[in-house]
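Take the sequences, apply the hints, and build the full model.
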Amino acid sequence: MEVILVLLIVAILNGAVAFIDEMLSELVPMTLNADQYMMAAGGGSMVSVLFDILLGFGVSLIILKFLKKGFECYVMWTDGDPDAEPAYLVIRFIQAIAVAVCFPVMYGWLAEITQSLTDELMAAISASTDYDWQAWVNGISSLGLVTAIFGLVFVICYFVLYFQFLMRGLEIMILRIGLPLACVGLLDSDKGVFKTYINKFFQSTFAVVVQICLCKLGVGMMMNVSVMNIFWGIACIVLAIKTPRFLSEFMVPTGGGGSGVINNMYHSVRLLGMAKGMVK
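When you line the sequence shown up against our numbering, it's residues 401 to 680, in that order.
Hints listed in this document are in silico derivations from the structure and should not be mistaken for laboratory results. Glycine residues also receive a C-beta, built at the ideal position from the N, C-alpha and C atoms. Just to be clear, a hint being listed does not mean it is correct.
Straight line, CA to CA, 27 Å or less: simulated DSSO-like cross-link-like pairs of lysine-lysine [stated by the list, open to error]:
#1 642 / 600
#2 591 / 465
#3 468 / 642
Between beta-carbon pairs, the in silico distance windows are [claimed, not checked]:
#4 566 / 519: 49 to 59 Å
#5 556 / 426: 19 to 29 Å
#6 574 / 645: 11 to 21 Å
The structure is reproduced here in structure tokens:
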């Protein structure tokens with residue numbers, strides 16, 4: 401019975417190896433530029449057209465909000481501080497227009513920096529996409545049923561992680577398309593929705609880097625077939641799957657600006673200073 405189960409698992413692994421070899425290549429470009437890989441749906445042209453449509457709509461909203469805030473603040477005196485310099489509102493208006501219009505170029509720079517960072521990290525951990533998966537399957541099959549089951553768990557987790565990369569690519573693509581609308585928040589003194597939006601954008605991008613590093617590290621551990629390395633490989637791939645939730649715990653902005661830790665430290669030091677002043 402054990403031999404039959406091992407043979408069944410090995411057959412499944414052999415079928416999965418053909419897909420894994422292709423999935424390991426170009427993970428970063430595929431995630432950061434998902435539209436270029438959606439050739440069947442004409443993704444590249446579709447994203448460009450959608451961004452142009454929302455860019456025009458976003459710029460219109462920025463102009464309308466600029467006029468509204470200026471009228472309510474300096475004519476009706478019902479919003480904001482009428483004594484504040486109008487130049488501040490004009491600067492925020494120019495900033496919102498500039499970010500909305502120049503975002504495609506800035507995103508191209510971000511994609512290049514992310515790709516370069518990932519390549520350097522891969523070199524640092526001595527990871528490579530050129531693995532002998534067939535030799536790995538053969539080694540798994542010779543170590544018994546338990547090891548074969550762990551190998552199957554790893555492959556299943558790898559496929560789950562790959563689908564996460566696809567969903568992350570779609571998420572980043574949607575964030576790219578909708579950024580002109582988020583730029584309307586730059587007219588507010590606290591950046592409005594733009595602050596949360598851009599934080600989510602960078603969180604998704606950084607999650608890709610961490611997930612790819614953990615994925616390649618897990619694959620490298622699994623290639624060296626031994627009990628402890630198999631455990632470490634599965635731990636790496638599972639943590640890679642949970643990376644977005646892990647990052648969200650400390651990359652979510654808190655109210656009032658700045659990070660929660662910095663704000664707490666600042667207010668603690670301030671209260672301590674006030675207490676010392678009262679004692680004196």
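When the hints from earlier in the document are held up against this structure, which numbers fail?
The structure conflicts with hints 3, 4, although it agrees with all the remaining ones.
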